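Chemist: Listed below, chain by chain, are the residues.
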Amino acid sequence: MNREELQNRLQEIKNKVTAVEQTTDNRIYLPCEAQNAYAVSKFLFQDLACRFVIATCVDSDDCFEVLYHFSYDQLGVVITVKAFIRDRENPAIESITSFLPAAEWIEREMHDIMGIDFRNHPNLRRLILADDWPDGVYPERKQART
Amino acid sequence: MSWKIWSLKKSPWVFHVNVGACNNCDIEIVNCLTPKFDVERFGIKLVGSPRHADALLVTGVGTRQAVPRLKEVYRQTSKPCVVFLIGACPCGTGIFHNGYHVEGPVDKIIKEEDPNAIIAYVPGCPPKPEAIISGVVKALSAI
Amino acid sequence: MKDSTRKPVIAVGPFHPLQEEMEFFQLTVDGEKVTDIDVRISYNHRGIEKISETLQFDQIPFLVSRICGICSASHPLAYVQAVEELAGITPPERALYVRTIINELERIHSHLLWVGLGGHFIGYDTVFMWAWKYREPVLDLLEEITGNRNNYGNVKIGGCREDIPDELVPKLLKELDEIEKKTEMLTKAVLDDPVLHARLKGVGILTKQAAIDYAVTGPTARGSDVAIDVRRDDPYAAYADLDWKVITQTEGDVFAKAVVRLLETFESINMVRQALKKLPKGPVTVEVKEIPPGEGCGRAEAPRGETFHYVRSDGGNRPIRHKARAPSYVNVPSFKASCIGQDIADVTLTLAAVDPCYSCTERMAVVDRHGNLTHDYDMLLKLSREKTERIKKEML
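Residue numbers (this note's numbering), protein chains in the order written: chain A, 1 to 146; chain B, 1 to 143; chain C, 1 to 396.
To be clear, the hints were calculated from the coordinates, so they are not data collected in a lab.
From a predicted model like this one, the values you see are computed outputs, not experimental measurements.
Cβ coordinates follow ideal geometry from the N, Cα and C atoms, glycine included.
One or more of the hints may lead you astray.
[Stated by the list, open to error] Okay, derived cross-link-like pairs now, DSSO-like style, lysine-lysine, Cα gap no bigger than 30 angstroms in a straight line:
1) B/K128 with C/K182
2) B/K36 with C/K281
3) B/K71 with C/K382
4) C/K171 with C/K181
5) B/K71 with B/K36
6) A/K42 with A/K14
7) B/K10 with C/K392
8) B/K79 with C/K382
9) B/K128 with B/K71
[Claimed, not checked] Here are a few chain C residues that sit away from chain A, every Cβ distance over 12 angstroms (derived from the structure):
10) D30
11) G31
12) T35
13) V39
14) D177
15) G202
Bound-form chain A, shown alone:
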């Protein structure tokens, strides 16, 4: 696929994302609401055969963001799905491990450090924080001090 074809194919999920932002030649961002992130990620992985790179969780004042970074290696393009989780009291999003085993660890990590619930994750136990780390304390959240 060349760049034009990639852009055309991304139009297939345009009803699930709020925009298709191309910031540089090799960087595309797809902001969307949390409930659509699963479908968009699945499309990137299965339909466009993108490789999963990693996911980043961000504590933005009025919401949480989960960024799923994918790579379309033939063109060297990083396509980032930016999922906005509006409910700050009980942040939750559908896990993508059902079609992507590679996401298992990072979703566990985001659960540990940001307190986001990944629904239907097969193994959402503690991954990186110590066994005796107190429950309910999420170090990557803004109000947490280092």
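For chain A, the structure is supplied; the task is to place chains B and C on it using the hints.
Modeler: Same frame as chain A, but now just chains B and C:
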């Protein structure tokens, strides 16, 4: 000098513990065993269990998860023993000093277990093999 | 994860003295075969991403260089590239070449380290000693250029902190010839040995589909016929100006990964040679005033695979979010796919073949149904070496 101390100084067997290191110091320690530096000719040997060790080589900041294990390893090490803190991390947590998962520096952790522990510091990031060897030799000569 | 009935579980730990890394792998076995694994990686967690938010942009390369000692060039490079993308900064051409030279030199000594360790696991301690002896000249070269054998501290936002003096280039080229000769000798010793073929082939196979599902990168992927390499796919530094090839194999076993790493070492030596000869004149840094609000992604091909950094700024002098992903974060979980069905004698080798950035591996535990240790690490290492001996005897 008791024969225990004499044999420790003459041919120290060391056990390596990593309590949250980036691996640079660990690799430099192993470099000491390789032909360019070759510490085995001085009788220094890496052993597989703390019970056989005269000295501990500790690398890493001392993460929260690693603290209980470090104390357990220290308990198991036959006494007298010397604890060498290799690198900036165990000496004073280095660049990670305000990490939420960092419980070091390591001398504080060891002293909680044994206030009279013999501790030697080899700073560096990582300390070169020459520095590690020099630090070990200096500390052992001072005992 | 399904709750398997209490089968014996293998804990490989305490870790081997040569690899005292605090990881916790719990292996479940049925007889001599591995059926499942579970992992805990909190022993090494230092909370680096949060520490980043307390540091200024130009201090962070020193922090991320210490995420992992042997990828200590690729993390700062990926990070500064993310910030340069965010801020629209283009480093000068000479800086791109210097960055390339340092990163390829790191790849050379990292792959040699791996060869040594692989040899150690199967009882070839001579290979271990040779490989580690031959990586010393590479470390000396790096020390001469940057001032340190590791943690070079050479990269900064906008370029490099130090230049390679032109007078040094002839010496560097001469040293490279020596290093190449030694690497050739080591490669022949490893690849021509029939016992090694028998010991490493067919072991720890990661299928192409598993490589895709687990999103592995680096030699772990390229050994399983997944032809990805950030240097070619999303070129950075000076890679687009150099003549080199991406090395792949198809079998996905430990031998294939060894071949990829050894042949890559030669490509790296060639790349350093080309870069030194083509080193353009000019400064190695541009002035950087402010980092505007925005976000950027930077990636580099570390010896273990793709290193990825994401940085977000609100216009202040610290990032508001910094994500750092080492290649081992995706490679190590693939151990689950490549180790299930393996003999416990091959478990240590299978994990080593992923070349875990030590800062995230090793600490396997085997516990039986009563929670008692059945195999510690030394026993697993012994099993691995005994298997090599058996193979040797059968061949003679």
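Chemist: Take the hints in turn and mark each one as holding or not.
Modeler: These are the hints, each one checked on the structure:
Using a Cα cut-off of 30 angstroms, the hinted pair B/K128 and C/K182 holds, with the two alpha carbons roughly 23 angstroms apart. A C-alpha spacing of about 36 angstroms is found between B/K36 and C/K281, which places the hinted pair above 30 angstroms, so the restraint is violated. Of the supplied pair hints, the one linking B/K71 and C/K382 holds, its CA atoms being roughly 28 angstroms apart against a limit of 30 angstroms. Proximity of C/K171 to C/K181 is assessed by CA-CA distance (about 16 angstroms); at most 30 angstroms being required, the pair is judged to hold.
Straight-line distance between C-alpha atoms of B/K71 and B/K36 comes to about 33 angstroms, which puts the hinted pair past the 30 angstroms bound. For the hint linking A/K42 to A/K14, the alpha-carbon distance of about 14 angstroms falls within 30 angstroms, and the restraint holds. Restraint check for B/K10 and C/K392: the C-alpha separation of about 38 angstroms exceeds 30 angstroms, so the hint is violated. The straight-line distance between the Cα atoms of B/K79 and C/K382 is roughly 28 angstroms, inside the 30 angstroms bound, and the hint therefore holds.
Straight-line distance between C-alpha atoms of B/K128 and B/K71 comes to about 27 angstroms, which keeps the hinted pair within the 30 angstroms bound. Listed as outside the interface, C/D30 is consistent with that label: its C-beta sits roughly 21 angstroms from the nearest C-beta of chain A, beyond the 12 angstroms cut-off. Distance to chain A confirms C/G31 as a non-interface residue, since its nearest Cβ pair spans about 25 angstroms, more than 12 angstroms. C/T35, annotated as away from the interface, keeps every beta carbon of chain A farther than 12 angstroms; the closest lies near 16 angstroms.
The Cβ of C/V39 does not lie farther than 12 angstroms from every Cβ of chain A; its closest approach is about 8 angstroms, which violates its non-interface assignment. Against chain A, the non-interface label of C/D177 holds: every CB pair exceeds 12 angstroms, the least being about 33 angstroms. For C/G202, the shortest C-beta to C-beta distance to chain A comes to about 23 angstroms, beyond the 12 angstroms cut-off, and the non-interface label holds.
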